[in-house]
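There are 2 protein chains.
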Amino acid sequence: MSDIRVGLIGFGNIGAGVVKLLRDNSTVIRDKVGATIQLARIADLDITSDRGVAVDPAMLTTDVNAILNDPEIKIVIELIGGYEPARTFVLKAIAAGKHVVTANKALLALHGTEIYAAAAAHGVEVQYEAAVGGGIPVLSAIKGNLAANRFGSVFGIMNGTCNYILTRMTQEGADFSDVLQSAKELGYAEPDPTFDIEGTDTAHKLAVLASLCFGASIDFNAIYTEGITGISGIDIRFAEQFGYRIKLLAIGKRTDDGQLEVRVHPTMIPLHNPMSDVGGVFNAIRLTGDFVGPVMFYGRGAGQNPTASAIVGDLIEISRSITAGVDRRRAAPLGFLDSAITPLQLKPMEEIITKFMLRFSALDQPGVLAGIAGTLGEKGISIESMMQTARHNGGEAVPIVIMTHEAREGAIRAALTEIDTRDFICEKSRFIRIEDNLE
Amino acid sequence: MSDIRVGLIGFGNIGAGVVKLLRDNSTVIRDKVGATIQLARIADLDITSDRGVAVDPAMLTTDVNAILNDPEIKIVIELIGGYEPARTFVLKAIAAGKHVVTANKALLALHGTEIYAAAAAHGVEVQYEAAVGGGIPVLSAIKGNLAANRFGSVFGIMNGTCNYILTRMTQEGADFSDVLQSAKELGYAEPDPTFDIEGTDTAHKLAVLASLCFGASIDFNAIYTEGITGISGIDIRFAEQFGYRIKLLAIGKRTDDGQLEVRVHPTMIPLHNPMSDVGGVFNAIRLTGDFVGPVMFYGRGAGQNPTASAIVGDLIEISRSITAGVDRRRAAPLGFLDSAITPLQLKPMEEIITKFMLRFSALDQPGVLAGIAGTLGEKGISIESMMQTARHNGGEAVPIVIMTHEAREGAIRAALTEIDTRDFICEKSRFIRIEDNLE
Numbered sequence: 042m043s044d045i046r047v048g049l050i051g052f053g054n055i056g057a058g059v060v061k062l063l064r065d066n067s068t069v070i071r072d073k074v075g076a077t078i079q080l081a082r083i084a085d086l087d088i089t090s091d092r093g094v095a096v097d098p099a100m101l102t103t104d105v106n107a108i109l110n111d112p113e114i115k116i117v118i119e120l121i122g123g124y125e126p127a128r129t130f131v132l133k134a135i136a137a138g139k140h141v142v143t144a145n146k147a148l149l150a151l152h153g154t155e156i157y158a159a160a161a162a163h164g165v166e167v168q169y170e171a172a173v174g175g176g177i178p179v180l181s182a183i184k185g186n187l188a189a190n191r192f193g194s195v196f197g198i199m200n201g202t203c204n205y206i207l208t209r210m211t212q213e214g215a216d217f218s219d220v221l222q223s224a225k226e227l228g229y230a231e232p233d234p235t236f237d238i239e240g241t242d243t244a245h246k247l248a249v250l251a252s253l254c255f256g257a258s259i260d261f262n263a264i265y266t267e268g269i270t271g272i273s274g275i276d277i278r279f280a281e282q283f284g285y286r287i288k289l290l291a292i293g294k295r296t297d298d299g300q301l302e303v304r305v306h307p308t309m310i311p312l313h314n315p316m317s318d319v320g321g322v323f324n325a326i327r328l329t330g331d332f333v334g335p336v337m338f339y340g341r342g343a344g345q346n347p348t349a350s351a352i353v354g355d356l357i358e359i360s361r362s363i364t365a366g367v368d369r370r371r372a373a374p375l376g377f378l379d380s381a382i383t384p385l386q387l388k389p390m391e392e393i394i395t396k397f398m399l400r401f402s403a404l405d406q407p408g409v410l411a412g413i414a415g416t417l418g419e420k421g422i423s424i425e426s427m428m429q430t431a432r433h434n435g436g437e438a439v440p441i442v443i444m445t446h447e448a449r450e451g452a453i454r455a456a457l458t459e460i461d462t463r464d465f466i467c468e469k470s471r472f473i474r475i476e477d478n479l480e
Numbered sequence: 042m043s044d045i046r047v048g049l050i051g052f053g054n055i056g057a058g059v060v061k062l063l064r065d066n067s068t069v070i071r072d073k074v075g076a077t078i079q080l081a082r083i084a085d086l087d088i089t090s091d092r093g094v095a096v097d098p099a100m101l102t103t104d105v106n107a108i109l110n111d112p113e114i115k116i117v118i119e120l121i122g123g124y125e126p127a128r129t130f131v132l133k134a135i136a137a138g139k140h141v142v143t144a145n146k147a148l149l150a151l152h153g154t155e156i157y158a159a160a161a162a163h164g165v166e167v168q169y170e171a172a173v174g175g176g177i178p179v180l181s182a183i184k185g186n187l188a189a190n191r192f193g194s195v196f197g198i199m200n201g202t203c204n205y206i207l208t209r210m211t212q213e214g215a216d217f218s219d220v221l222q223s224a225k226e227l228g229y230a231e232p233d234p235t236f237d238i239e240g241t242d243t244a245h246k247l248a249v250l251a252s253l254c255f256g257a258s259i260d261f262n263a264i265y266t267e268g269i270t271g272i273s274g275i276d277i278r279f280a281e282q283f284g285y286r287i288k289l290l291a292i293g294k295r296t297d298d299g300q301l302e303v304r305v306h307p308t309m310i311p312l313h314n315p316m317s318d319v320g321g322v323f324n325a326i327r328l329t330g331d332f333v334g335p336v337m338f339y340g341r342g343a344g345q346n347p348t349a350s351a352i353v354g355d356l357i358e359i360s361r362s363i364t365a366g367v368d369r370r371r372a373a374p375l376g377f378l379d380s381a382i383t384p385l386q387l388k389p390m391e392e393i394i395t396k397f398m399l400r401f402s403a404l405d406q407p408g409v410l411a412g413i414a415g416t417l418g419e420k421g422i423s424i425e426s427m428m429q430t431a432r433h434n435g436g437e438a439v440p441i442v443i444m445t446h447e448a449r450e451g452a453i454r455a456a457l458t459e460i461d462t463r464d465f466i467c468e469k470s471r472f473i474r475i476e477d478n479l480e
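So the sequence lines, in the order shown, correspond to chains A and B. Per this note's numbering, residue 42 is the first one in the first sequence, and the count goes up by one each step. Per this note's numbering, residue 42 is the first one in the second sequence, and the count goes up by one each step.
Calculated from the structure, these hints are not laboratory results. Please note that a few of the clues may not be correct.
[Unchecked claim] Here are some of the chain B residues that sit facing chain A, going by a computed Cβ distance under 8 Å:
id, residue
1, Gly75
2, Leu80
3, Ala161
4, Gly176
5, Pro178
6, Ser181
7, Leu187
8, Ala189
9, Pro311
10, Gly340
11, Glu358
12, Ile363
13, Gly415
14, Phe472
Every residue gets a Cβ at the ideal spot worked out from N, C-alpha and C, and that includes glycine.
Looking at chain A on its own, in the form it has when it is part of the complex (with noise of 0.2 Å):
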């Protein structure tokens, strides 16, 4: 049996993980692969802290070259993270004709088209299970069994973050900013939380899934991205009491027109749904495939030892291409063939069609029902359901809820802007988006 070498750059917690994974496993993998993957070199900027996993000191280099420019390495684990230099990292590395494993999610949602195109032309492997859902696999899923599929939607909660901050303000009856202070203490939040809450993180993972799934290539910047800071205590509870459980969702759908709805922001989700069962920092994805119809996948979205076993299992993968002798890449980066990538416009947001509550601030006053209906229905809104909950001497703002059937996304934010500025409204009028056709 010979030895596969494979060099990591960036030994973070996650490097850390693979390290030990690669040590703890290694028969396991042996007896998989049938040769030894051999992490023979690690590149860092800073080679002198403790990282929990005993490493042989000559197998650490701060010059990223010495792994870039070993012929004997075969593949290449990015780890770093960000735009640059990983993206020149890993650029290199495949015009150095080696395979390439990432968990870089920014990277390829911004510069998959690029890095894609070069592997095809150098024929090296790219694979990036880690990217998105941390350990579940299902990247490989959507590009091997499942793949005599035509993919109409996906749906994913898929930021640990923002799944544990929703979880806690739904059991606690909680507010925002208190459960992400403490999240912050406790280590579920990064000091600077700004990707996470504010959706950016879920839409680069959305981009990759969306890009597998639709066979295109989708411009990040056309996402929309909507993040968890604007959702209140009162939502939350709103939202439960009409069936509802408010999840950072990402969303991809064909819709009936044969347009791409791509698109991340807060969603009630029914609580007879599974998903709405995903709580803390468990991540769930959920295709629907013309003929498989729908598929759920549920585990550990991030974390050092969930992540670890998505990018050794990328390792393994390629391993067995080089070991069964494939004389070119076996599959293309998104599973489909680059001449069948096509670039996909996103359906604007204005044009989208679903359900929507409605939440206003209003004085609690004869007449204000009858303003807030009348608006909307010349905007052609149709009411499902109601809820003022409160009612005070008057005078005092309370809080009017208003569950839509089906209208277009336009005509509700046409809406909401004239009734702000009615008199008897206290505060600025918010909406969020409902799924109910998670099947």
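Based on these hints, arrange chain B on the given structure of chain A.
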């Protein structure tokens, strides 16, 4: 682009689905494989019945050798089911150097070792994703991206007929025989449902799953298999009161003492666990890997279209190997090298340790509880809680339900045998095993 010619043996409901999928999604498939998967011949004893799909009559044959002896056919799909002649046909196809795709769990559970060895000897692939969980791509995931893990456990709800019956019994409070009759009329149960309701079908699937997870050849006949025919409405209602739902669960796990438990029986699952919500004809499979942690897969476990999705997914994977010029099989059929597969002994049922719900039918008279509790205590069985719902005027049978702490099954059986000799016991006492640790 060259064609990859495929032969189909067995033109029933699933076969018709494969024909439909290859026709409807031929563009998608060509875009992913770089070649056309061409169904060349279909063999069946009946080539005149209408299957609801149009096929060129010249493609149909009653002579299976027209496929097995055609050197242009590279892949054979076996969909006749059962042990023989399926086994003979599969071995002949392999001997002729053809790759094989099968959905036949019975065949693999009984003759998998022989078939995998033949495939290894002839350097061909055997793929069988449709054998477990219908369209759910769980086997590919275990062999593929999850391969870096040592699996500690696998749990599955994998028989749609049983799950449909138990779901309706739970929802309607109906009894087994009534729901079975209705399920037959609605087509959710076969006219002769023995293989399903006695657990045999689930045990076949578990044999396949456990072989993959644990890298072992498993003696099918050593798998403890208990179906759902003994479950009554009263069991379901008591289970619910204690916070559990009864499912026919396939269980494979490594225990702390290094032994393997592989068993199929009605099992009480905590209501708060997502698997308890898997209803009707849906399947769910939950694995735990040492690095990835718990992962759950959920989807349609049977039916023409989902099963066709898995079968054509297998065709795509093999076709990619062919177009990539793989000069020997990419991975052994179990994901492990043949040399790494070991026969594993299963732990005897008497030795398994779990919690139990015990149900007694006893006369309502003084001393009964003391008598039951005394015997349990003598056998080292500790009681967690007890419920006796109705009180009568004495002399009538009432149900007494006891939840135990963890106990050895042998002790439970011995205690019940002894208790059943007592005068106050009106019918044979029953027990249902509990699975609290699904994570």
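* Going through the earlier hints one by one, which of them does the structure break, listed in rising order? -> 2, 3, 9, 12, 13 and 14
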